[in-house]
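S.K.: These protein sequence lines map, in sequence, to chains A and B. Counting with the numbering used here, you get residues 8 to 223 for the letters of the first sequence. Counting with the numbering used here, you get residues 19 to 216 for the letters of the second sequence.
Think of the hints as simulated: they come from the structure by calculation, not from any bench. Source: prediction; values computed, not measured. Glycine included, each C-beta is placed from N, C-alpha and C at the ideal position. Heads up, some of the hints might be wrong.
Far from chain B, some chain A residues (derived; all Cβ distances over 10 Å) [as the list claims (entries may be wrong)]: (1) N51; (2) P57; (3) S84; (4) A90; (5) M95; (6) S120; (7) M157; (8) T194.
Cβ-Cβ distance ranges computed for the label pairs, FRET-style [unchecked claim]: (9) A/Q10 to B/R23: 29 to 39 Å; (10) B/G59 to A/Q156: 25 to 35 Å; (11) B/A191 to A/L172: 48 to 58 Å; (12) B/N125 to A/R153: 52 to 62 Å.
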Amino acid sequence: MPQYFSRSANTFSRMTILALVLALCGVCWYGYLIVRSPYEMMQNVPREQPVPFSHEHHVGGLGIDCRYCHTTVEDSSFANIPATKICMNCHSQMWATSPMLEPVRESYRTGKSIEWTRVNDLPEFVYFDHSIHVHHGIGCSTCHGRVDQMPLTWQAAPLTMEWCLNCHRHPERYVRPESQVFSMAYTPPANQTALGNRLVREYHIQSLTSCSTCHR
Amino acid sequence: MKTFRTVATLLLLLPMAACRQDMQDQPKYKPLGTSRFFADGREARPIPAGTIARDELNNTDSFHTGAANGAFLDAIPLKVDSKLLHRGQERFDIYCSPCHGRTGDGNGMVAQRGLKIPADLHTDRLRSVPPGYLYQVIKNGYGAMGDYGDQIQVNDRWAIVAYVRALQLSRDARLNDVPAEQRGQLSAENQPQAGAAR
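Whenever a hint applies, use it, and build me the whole structure from the sequences.
M.R.: Right, here's the structure in full:
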């Protein structure tokens, strides 16, 4: 009985098996990339809000400090979404009849909360504390980007664990002088490495990478 | 045996259908989240009447009200040093400058966009009011200005009062305020104009 397959068929079948394994790896790798992509993280996507609040106007245009509204950012883990009363400090007089601001006035009249859509939303197995970061030279814009240039607010950073660890492993690359923490326009100087190393010592910044730092 | 393997594989595949975000979205309360338990949908609860927050047991004393025996305090009840003034400057720039301007002349950015013109802090009236008066304006508001008691804590209110005093002095300084040995440094060109020097 003659042979149906030539000897080269052995190689062919081996290569096919290898290709299948590689393809499977490729599919997994691709899935991994998709899961961690800016698309899946909703990075750079402006969120719909009940009131189209513009940080660009309030921060960039009027120069209002972050802490005017986000009052607890220096004292608490949570940076605070301002109470309607804080909006009304100005908007009881300015744009006081604007239909766009009706949800604000309604909330002020009735005491019902404005239901903002959360933009920077960490998974709930992550502990994050704003106050420790702003007191140790990590600027708002390092994580939140140029909020003063956002007409509607979006998430600027991927907020993946890899991204957190990147800074926790090398804080000297991102730390800035404490006086510049709330500055939106701050850009790292050319000697960031030297400055960073000095500030890390000065502010007693530890490179905290143990699991329980964030997962507690 | 073969059937067993197939069934086992299929059974192992089954848990994948259970992939859920339960760890991501845990049934726990985080600040300003929503609640299905409370009727108003808020997990943050209003403060029950009569609650005393930490550090607020004495919130009726003069340090917290800015007044004693029906009169405004005529001195800042904190040690006024450069640390307090710098703190006051920082807080003034955050909470007051949008309307009153960084120099306190009532020409801040929000005022320029049409808010009812806020007070110029460099008037004779506001230069002569006691510190306790400025304190309670910050705490309770005044006219069109809302109260800032929630946004600015007690010590910071006094720090702002101290800084407002420094701002006022900066526009109302007399030659006598300059230490005698430094007066020589005021060259003829830098002399204040006759009207401002008084």
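S.K.: With reference to the structure, classify each hint as holding or not holding.
M.R.: Status of each hint after checking the structure:
1. N51: Consistent with the label, A/N51 stays out of reach of chain B, its closest Cβ about 20 Å off (over 10 Å).
2. P57: 14 Å, holds
3. S84: 8 Å, violated
4. A90: For A/A90, whose nearest Cβ neighbour in chain B is about 7 Å away, the distance does not exceed 10 Å, so it is violated.
5. M95: 7 Å, violated
6. S120: 6 Å, violated
7. M157: 18 Å, holds
8. T194: It holds; A/T194 is separated from chain B by about 21 Å at its closest Cβ, greater than 10 Å.
9. A/Q10 to B/R23: 29 to 39 Å: 32 Å, holds
10. B/G59 to A/Q156: 25 to 35 Å: 33 Å, holds
11. B/A191 to A/L172: 48 to 58 Å: 54 Å, holds
12. B/N125 to A/R153: 52 to 62 Å: 27 Å, violated
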